[in-house]
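Colleague: In case you want the letters, here they are:
There are 2 protein chains.
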Amino acid sequence: MILTVTLNAALDVTYRVDALEPGAVHRIAGITERAGGKGVNVARILHALGEQVLATGLTGGATGTRLRDLLAADGVPEAFMPISGESRRTVVVSADDGATTGFWEPGPPVTSDEWQGFLARYRALLAGVEVVALCGSLPPGVPVDAYATLIGYARTAGVATVLDADGDPLRYGVPAGPDVVKPNAAELSGLHSSLLGRRVTVGNLDEALAAANATRKLGAASVVASLGRAGLLAVTGDGVWHARTSEQLAGNPTGAGDACVAALARGRLTGGRPWPDQLRDAVALGGASVRSPVAGEVCPTDHQRLRAAVTIEEMS
Amino acid sequence: MILTVTLNAALDVTYRVDALEPGAVHRIAGITERAGGKGVNVARILHALGEQVLATGLTGGATGTRLRDLLAADGVPEAFMPISGESRRTVVVSADDGATTGFWEPGPPVTSDEWQGFLARYRALLAGVEVVALCGSLPPGVPVDAYATLIGYARTAGVATVLDADGDPLRYGVPAGPDVVKPNAAELSGLHSSLLGRRVTVGNLDEALAAANATRKLGAASVVASLGRAGLLAVTGDGVWHARTSEQLAGNPTGAGDACVAALARGRLTGGRPWPDQLRDAVALGGASVRSPVAGEVCPTDHQRLRAAVTIEEMS
Numbered sequence: 001m002i003l004t005v006t007l008n009a010a011l012d013v014t015y016r017v018d019a020l021e022p023g024a025v026h027r028i029a030g031i032t033e034r035a036g037g038k039g040v041n042v043a044r045i046l047h048a049l050g051e052q053v054l055a056t057g058l059t060g061g062a063t064g065t066r067l068r069d070l071l072a073a074d075g076v077p078e079a080f081m082p083i084s085g086e087s088r089r090t091v092v093v094s095a096d097d098g099a100t101t102g103f104w105e106p107g108p109p110v111t112s113d114e115w116q117g118f119l120a121r122y123r124a125l126l127a128g129v130e131v132v133a134l135c136g137s138l139p140p141g142v143p144v145d146a147y148a149t150l151i152g153y154a155r156t157a158g159v160a161t162v163l164d165a166d167g168d169p170l171r172y173g174v175p176a177g178p179d180v181v182k183p184n185a186a187e188l189s190g191l192h193s194s195l196l197g198r199r200v201t202v203g204n205l206d207e208a209l210a211a212a213n214a215t216r217k218l219g220a221a222s223v224v225a226s227l228g229r230a231g232l233l234a235v236t237g238d239g240v241w242h243a244r245t246s247e248q249l250a251g252n253p254t255g256a257g258d259a260c261v262a263a264l265a266r267g268r269l270t271g272g273r274p275w276p277d278q279l280r281d282a283v284a285l286g287g288a289s290v291r292s293p294v295a296g297e298v299c300p301t302d303h304q305r306l307r308a309a310v311t312i313e314e315m316s
Numbered sequence: 001m002i003l004t005v006t007l008n009a010a011l012d013v014t015y016r017v018d019a020l021e022p023g024a025v026h027r028i029a030g031i032t033e034r035a036g037g038k039g040v041n042v043a044r045i046l047h048a049l050g051e052q053v054l055a056t057g058l059t060g061g062a063t064g065t066r067l068r069d070l071l072a073a074d075g076v077p078e079a080f081m082p083i084s085g086e087s088r089r090t091v092v093v094s095a096d097d098g099a100t101t102g103f104w105e106p107g108p109p110v111t112s113d114e115w116q117g118f119l120a121r122y123r124a125l126l127a128g129v130e131v132v133a134l135c136g137s138l139p140p141g142v143p144v145d146a147y148a149t150l151i152g153y154a155r156t157a158g159v160a161t162v163l164d165a166d167g168d169p170l171r172y173g174v175p176a177g178p179d180v181v182k183p184n185a186a187e188l189s190g191l192h193s194s195l196l197g198r199r200v201t202v203g204n205l206d207e208a209l210a211a212a213n214a215t216r217k218l219g220a221a222s223v224v225a226s227l228g229r230a231g232l233l234a235v236t237g238d239g240v241w242h243a244r245t246s247e248q249l250a251g252n253p254t255g256a257g258d259a260c261v262a263a264l265a266r267g268r269l270t271g272g273r274p275w276p277d278q279l280r281d282a283v284a285l286g287g288a289s290v291r292s293p294v295a296g297e298v299c300p301t302d303h304q305r306l307r308a309a310v311t312i313e314e315m316s
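First to last, the protein sequences are chains A and B.
Heads up, the first sequence is in the UniProt record's numbering, so the first residue is 1 and it goes up one at a time.
Heads up, the second sequence is in the UniProt record's numbering, so the first residue is 1 and it goes up one at a time.
Okay, chain A solo, but in the shape it has when bound (with noise of 0.2 Å):
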């Protein structure tokens, strides 16, 4: 069983318009709506692949009730901790050229009591479950080093524990030891600079290997770089490589990372396949994502047909 925890949870709200146009009212004809937020895309994913999955986090209010059900439509057994505050919504204007464009509401304040629950919470369900999956953003309220209290509470309970976030959330994450963290570019140089001192940029596989050498340093057993279309640049005690497809996928890449991050999650369960193979799976459902046109959902045929596409590359 892998756990989700998804501490600023949205409702994803999609607004589909002919063009964007700065200025102008647009009347919508068709909205969708479905439940958000790193770790319940990543829940959703592995409950398509089939793997047993639980989604945790913290919702409130109507939007988060409406985020709940709509988890439940999916199929996704959750485990959300109800909160006074009204869950945010993430509002994306997808127009029929292709570009979407994001408005990210703030997540709603937690006080320290619910946080404290929530970490009750959080060792119950560690009872039940190989491998924790903690992806995205805190709300306000939650203690910056959220993600390395709840690393050391999996860790006592032995635990494996996949780390996706940036900035400070990131930063206080990783001394507490994931077993795998999955910063993109903008997240590693983010990391690399603060631990350097200076702004940095990760933009070639070099760079991307210092920073995620340096990751390592910092705690985290193994890093999984994702680079857009250069792939994925896994940094582990087994070795070093480099994934990628040689095909040119043009769609959504909402979502791509959240698809990455469900392969490495199933990646840590008892009996899981060796690093190639949970890159070859890592880049082929990353792929899948991009052509779907909604974050969070992958095509099985995609899926399998991409991974035969994946060239994995090992480095000295």
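Hint data in this document are derived by calculation from the structure and do not stem from the laboratory.
Just so we're clear, the structure is a prediction, and the values are computed from it rather than from any experiment.
Every residue gets a Cβ at the ideal spot worked out from N, C-alpha and C, and that includes glycine.
A hint or two may mislead.
Unchecked claim - Which chain B residues face chain A? A few, computed with CB under 10 Å, are given here:
id, residue
1, 15
2, 17
3, 21
4, 23
5, 25
6, 31
7, 89
8, 91
9, 95
10, 101
11, 104
12, 105
13, 109
Claimed, not checked - Counterexamples of contact, computed for chain B against chain A with all Cβ distances above 12 Å:
id, residue
14, 103
15, 106
16, 156
17, 157
18, 158
19, 307
20, 315
Once you've looked at the hints, dock chain B against the given chain A.
Modeller: Okay, now just chain B, sitting in the frame of chain A:
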């Protein structure tokens, strides 16, 4: 007492951004929510002016509850009828350079029983009012001739009517004989085009006069056309007037039409002032609304100052 009817009420949500960049993700720092829809804005303005007002219409779901809570917080009495559908949101992205971009969700579906239930409530409410303002679009399921029905009941009850609508709801409403119709130039163009069976544009006072005369012939007792910076053209049984302000008003034009409707509605109250006074009030309120950052709000100081800047010309 004035009754405002908002069949397609909305929760107005404003996202403040530095700049709207199509294709980018915007993290929203500040969200403002308020009860919206044309008739709701009219009610809020009338309440602020010290008039006795009651807002009715249809609201549903968590969004409808939020809308009613916000209206109550504004102190505006309401008697909305609950429906099973979820009230819509109107999302406005307000950029620091002053550009506002709107995303209008479609209204909730309304069942036949709900519409009949509303008609019963409306007829009961008519017993206690002198004027009813019928404002805005119709949600799906409400008959296209809804305003004709509502005007008919008002006429039977001896209640004056002000109609502010567009497209088919306007075209079907006018023959029922509203006391005042308040179209803007685009709405008047559309109505006149449908009457003539060919596309005409209301671009100047002469064209507005021709279209207003045709609208009166169709059934409206008076027509007050709001022509943006060109002011108001009132075509009535007592005469024709052109009212405008010499002040160049910069700001948010959303809601200026609602302010104008508020002035015309209170002009229909017993002991109401003569047309030139009503038009002065309407132009000044509309101007004060333009200067307000929020639709449906007017600054009393702006309102009073602008009254003095309005010129009224009687047209032969």
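Colleague: Next step is simple, just say for each hint if it's right about the structure.
Modeller: Going through the hints against the structure:
1. Because the smallest distance between the Cβ of residue 15 of chain B and any Cβ of chain A comes to about 5 Å, under 10 Å, the interface hint for this residue holds.
2. Look at residue 17 of chain B: its Cβ gets to within about 8 Å of chain A, closer than 10 Å, so that hint holds up.
3. The criterion of a C-beta within 10 Å of any C-beta in chain A is met by residue 21 of chain B, whose closest approach is roughly 7 Å, and the hint holds.
4. Evaluation of the residue 23 of chain B hint against chain A yields a held restraint, the C-beta minimum of about 5 Å falling below 10 Å.
5. The interface hint given for residue 25 of chain B is met, as the beta carbon of that residue sits about 4 Å from the closest beta carbon of chain A, less than 10 Å.
6. With a least beta-carbon distance of about 6 Å to chain A, the hint placing residue 31 of chain B at the interface is held under the 10 Å criterion.
7. Using the Cβ-Cβ criterion of 10 Å, the hint placing residue 89 of chain B at the interface with chain A is satisfied: the shortest such distance is roughly 9 Å.
8. With its C-beta approaching chain A no nearer than about 6 Å, residue 91 of chain B sits inside the 10 Å limit, and its interface hint holds.
9. Residue-level restraint check for residue 95 of chain B holds (minimum Cβ-Cβ distance to chain A is 7 Å; threshold 10 Å).
10. Among the interface hints, the one on residue 101 of chain B holds; its C-beta lies about 5 Å from the nearest C-beta in chain A, closer than the 10 Å criterion.
11. For residue 104 of chain B, the interface hint holds, since its Cβ comes within 10 Å of a Cβ in chain A; the closest pair sits about 5 Å apart.
12. A cut of 10 Å between beta carbons decides the hint on residue 105 of chain B: the least distance to chain A is about 5 Å, and the hint holds.
13. Here the hint on residue 109 of chain B is broken, as its CB sits about 13 Å from the closest CB of chain A, past 10 Å.
14. Residue placement check: residue 103 of chain B does not keep its beta carbon more than 12 Å from all beta carbons of chain A (closest about 5 Å).
15. A beta-carbon of chain A is positioned within 12 Å of the beta-carbon of residue 106 of chain B; the least distance is around 6 Å.
16. No beta-carbon of chain A comes within 12 Å of the beta-carbon of residue 156 of chain B; the shortest separation is about 34 Å.
17. For residue 157 of chain B, the shortest C-beta to C-beta distance to chain A comes to about 34 Å, beyond the 12 Å cut-off, and the non-interface label holds.
18. Residue-level check passed: residue 158 of chain B sits 37 Å from the nearest beta carbon of chain A, beyond 12 Å.
19. Every Cβ of chain A is farther than 12 Å from the Cβ of residue 307 of chain B; the closest lies at roughly 30 Å, confirming the non-interface assignment.
20. Here residue 315 of chain B stays apart from chain A, with its beta-carbon at least about 32 Å from theirs, past the 12 Å limit.
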